[in-house]
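Novice: Residue strings, one per chain:
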Amino acid sequence: AQSVSQHNHHVILSEAASLELGCNYSYGGTVNLFWYVQYPGQHLQLLLKYFSGDPLVKGIKGFEAEFIKSKFSFNLRKPSVQWSDTAEYFCAVGGYSSASKIIFGSGTRLSIRP
Amino acid sequence: GAGVSQTPSNKVTEKGKYVELRCDPISGHTALYWYRQSLGQGPEFLIYFQGTGAADDSGLPNDRFFAVRPEGSVSTLKIQRTERGDSAVYLCASSERRLAGGYQDTQYFGPGTRLTVL
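Protein chains in written order, with my numbering: chain P, 1 to 114; chain L, 1 to 118.
Any given hint could be a false lead.
Stated by the list, open to error - Here are the computed lysine to aspartate or glutamate pairs in the DMTMM-like style, where the Cα-Cα straight-line distance is at most 25 Å:
1) L:Lys11 - P:Glu88
2) P:Lys49 - L:Asp56
3) P:Lys49 - L:Glu96
Claimed, not checked - Chain L residues, not near chain P, derived (Cβ > 10 Å throughout):
4) Thr13
5) Asp24
6) Arg64
7) Arg69
8) Val117
As the list claims (entries may be wrong) - Per label pair, the in silico range of CB-to-CB distance:
9) P:Ser70 - L:Gly40: 23 to 33 Å
10) L:Tyr18 - P:Glu66: 45 to 55 Å
11) P:Lys58 - L:Glu96: 17 to 27 Å
12) L:Arg22 - P:Ser106: 20 to 30 Å
13) P:Ala1 - L:Gln80: 21 to 31 Å
14) L:Glu14 - P:Leu56: 46 to 56 Å
15) P:Gly28 - L:Arg114: 29 to 39 Å
16) L:Pro70 - P:Arg77: 42 to 52 Å
17) P:Tyr96 - L:Asp57: 18 to 28 Å
18) P:Tyr39 - L:Val12: 22 to 32 Å
19) L:Thr13 - P:Gln42: 17 to 27 Å
20) P:Ser106 - L:Arg114: 13 to 23 Å
21) L:Gly16 - P:Ser80: 44 to 54 Å
22) P:Ala17 - L:Gly16: 43 to 53 Å
Just so you know, these hints were derived from the structure itself, not from any lab.
Just so it is clear, CB atoms sit at the ideal spot from N, CA and C, and this is done for glycine as well.
All chains, full assembly: derive it from the sequences and hints.
Specialist: Laid out in structure tokens, this is it:
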């Protein structure tokens, strides 16, 4: 079955702390991988995505994610978080196609203490 | 440019009633998706259109749910005989469809319609 697991439901950090949010997926075949973010009161928006090539993907606002195929993981990282990073983060997997449904994880709520 | 728009932003209805939720995709986007997000969960896929036709409706939970996209642009999600369990935020997304093998085009999400069934 296709699924995405996000290990942390709620993460609380102080500003300037380093961040790593875990994500594991189960999906047959080649995949596209995504991290989406939802800031308070805003739409879901794409943070970064991986299709092929370099397994270390850089996204907006200093975020990056590493695809480890052997572990079926796609963890999100940021070396130094800011208060403005407070949001809900969703890991997701999509099929090997230009258009396909996306399977989302249940999300991780990130709270940053100023 | 304009993003994906959804109307209404909020809809309160009574159990057993019929509702329609509308999605206006980004102009020129041929692929359109509907997702449902319950409290504390990630979005859950419902249906995806390529042009006017439903390319994948495997996520529709039962036959009370139906969606159309008659002219390949605006889409309407229709829910008959609503139940309290249908309460959720219904999200619409759209994407271009380029013929690049395997690479999935970015889906752009709308603000959602919050449906409350009393």
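Novice: Hint by hint, which ones does the structure fall short of?
Specialist: none
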